[in-house]
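As they're listed, the protein sequences go chains H and Z. So for the first sequence, the UniProt record's numbering puts the first residue at 1; every next one is plus one. So for the second sequence, the UniProt record's numbering puts the first residue at 1; every next one is plus one.
These aren't lab readings, by the way, just hints derived from the structure by calculation. Don't take every hint at face value.
Stated by the list, open to error - Across the chosen pairs, the derived CB separations fall in these ranges:
| no. | chain 1 | residue 1 | chain 2 | residue 2 | range |
| --- | --- | --- | --- | --- | --- |
| 1 | Z | Ala135 | H | Pro139 | 32 to 42 angstroms |
| 2 | Z | Arg35 | H | Arg155 | 23 to 33 angstroms |
| 3 | Z | Gln59 | H | Arg96 | 21 to 31 angstroms |
| 4 | H | Asp41 | Z | Lys120 | 21 to 31 angstroms |
| 5 | H | Asp134 | Z | Gly97 | 38 to 48 angstroms |
| 6 | H | Asp39 | Z | Gly114 | 30 to 40 angstroms |
| 7 | H | Gln59 | Z | Arg61 | 51 to 61 angstroms |
| 8 | H | Phe71 | Z | Glu54 | 48 to 58 angstroms |
| 9 | Z | Glu58 | H | Lys120 | 20 to 30 angstroms |
| 10 | Z | Glu54 | H | Gln59 | 45 to 55 angstroms |
| 11 | Z | Arg61 | H | Arg117 | 43 to 53 angstroms |
Built from N, CA and C at the ideal position, the CB exists for glycine as well.
Number of protein chains: 2
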Amino acid sequence: MRVLGVDPGLTRCGVGVVDGAPGKPLRLVSVGVIRTSPDDDIGTRLVELERGIEELIEQTRPDAVAVERVFSQHNVSTVMGTAQAGAIAIACGARRGLPVALHTPSEAKAAVTGSGRADKLQVTTMVTRLLRLDAPPKPADAADALALAICHVWRGGAQARLQAARTRATGPAHDMRQGRTR
Amino acid sequence: MRVLGVDPGLTRCGVGVVDGAPGKPLRLVSVGVIRTSPDDDIGTRLVELERGIEELIEQTRPDAVAVERVFSQHNVSTVMGTAQAGAIAIACGARRGLPVALHTPSEAKAAVTGSGRADKLQVTTMVTRLLRLDAPPKPADAADALALAICHVWRGGAQARLQAARTRATGPAHDMRQGRTR
């Protein structure tokens, strides 16, 4: 399973693509940051961001997209930009028929460190370890996007294992009637 | 000048297209609401909204898009949906190279009623009057989208008049050097 993780933002949007499957080692496919200039108008920025995400999807062909779920933050103008950038990422995936999942920052942190309140260094350390990288991913901001992608691989993995167990218990016909296979 | 006004929302997105020019009567081209179901996932909703706006742009070919500028509101989950829907509308316009402007609710209200604190009935009454409609626009929510479009026509008009005055004063060559013509 190949997952594109997106840590949405207008000025810096973290993107990371990871290959993984239940019980198998994870593999880094791509990591980076899509930047747009605060000097440009919002339309230009959103379209540039869209182009960057589209290109990455074309190049890496993920099976799913995981976007950070935006919550209210202290700074309202930041929330707006994050929500707008997130909407573009979600639409890029959904337009191609890719499953799009939203995970909270806590879920992503908990997935890679075991704690939903882990700090940035801890997340970067674990992402580096889990992907067996020689050095922390650069730019540092993109570690969050990789954590999201890993979070999704493992959640998908857990769901796939449950699914497999159900299929073994009841037979595939029953499973298909439920329309739960993918 | 033909303007598409968008009052962004996920469940109900008001859209209104108006023809107008400085000192000329306004004309209603199209008005409506694009709805998406709260039961659907966010990806499906954003892509449906995008499709609705794309179709309207195809049908009516506006010269510009005016989107309501989202501010912090009481209900955070509403703000998120509004920001996400607004991002889709902005991207739809910008992707086609259309100028996209953001106007605040107060600016739109002030444009059609003279007061930035006018209530919904006042806005609907004035939109109905200014567009010389036999009855208030339906659905009522779309009146805000029409007010935004009218606001933009008139602001554009004022800018165009200033521009024309500048051109008369300094000659078109100067104007073109400034790259201000459109």
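Each hint tested on the structure:
Here the CB-CB span from Z:Ala135 to H:Pro139 is close to 57 angstroms, at odds with the stated 32 to 42 angstroms. At roughly 31 angstroms, the beta carbons of Z:Arg35 and H:Arg155 sit within the given window of 23 to 33 angstroms. In this structure the hint that Z:Gln59 and H:Arg96 lie 21 to 31 angstroms apart at CB holds, the actual value being about 25 angstroms. Taken as a hint, the range 21 to 31 angstroms holds for the pair H:Asp41 and Z:Lys120, whose Cβ atoms sit roughly 29 angstroms apart.
With their beta carbons about 44 angstroms apart, H:Asp134 and Z:Gly97 fall inside the hinted range of 38 to 48 angstroms. The beta-carbon spacing between H:Asp39 and Z:Gly114, approximately 34 angstroms, falls within the hinted interval of 30 to 40 angstroms. Taking 51 to 61 angstroms as the suggested C-beta distance range, the pair H:Gln59 and Z:Arg61 does not conform, at roughly 34 angstroms. For H:Phe71 and Z:Glu54, the hinted distance range of 48 to 58 angstroms is not satisfied, since their beta carbons lie about 30 angstroms from each other.
Between Z:Glu58 and H:Lys120 the beta carbons are some 45 angstroms apart, a value that contradicts the proposed interval 20 to 30 angstroms. Hint check: Z:Glu54 to H:Gln59, Cβ distance near 25 angstroms, so the stated range 45 to 55 angstroms is violated. Between Z:Arg61 and H:Arg117 the beta carbons are some 52 angstroms apart, a value that agrees with the proposed interval 43 to 53 angstroms.
Consistency note: the structure conflicts with the earlier hints numbered 1, 7, 8, 9 and 10.
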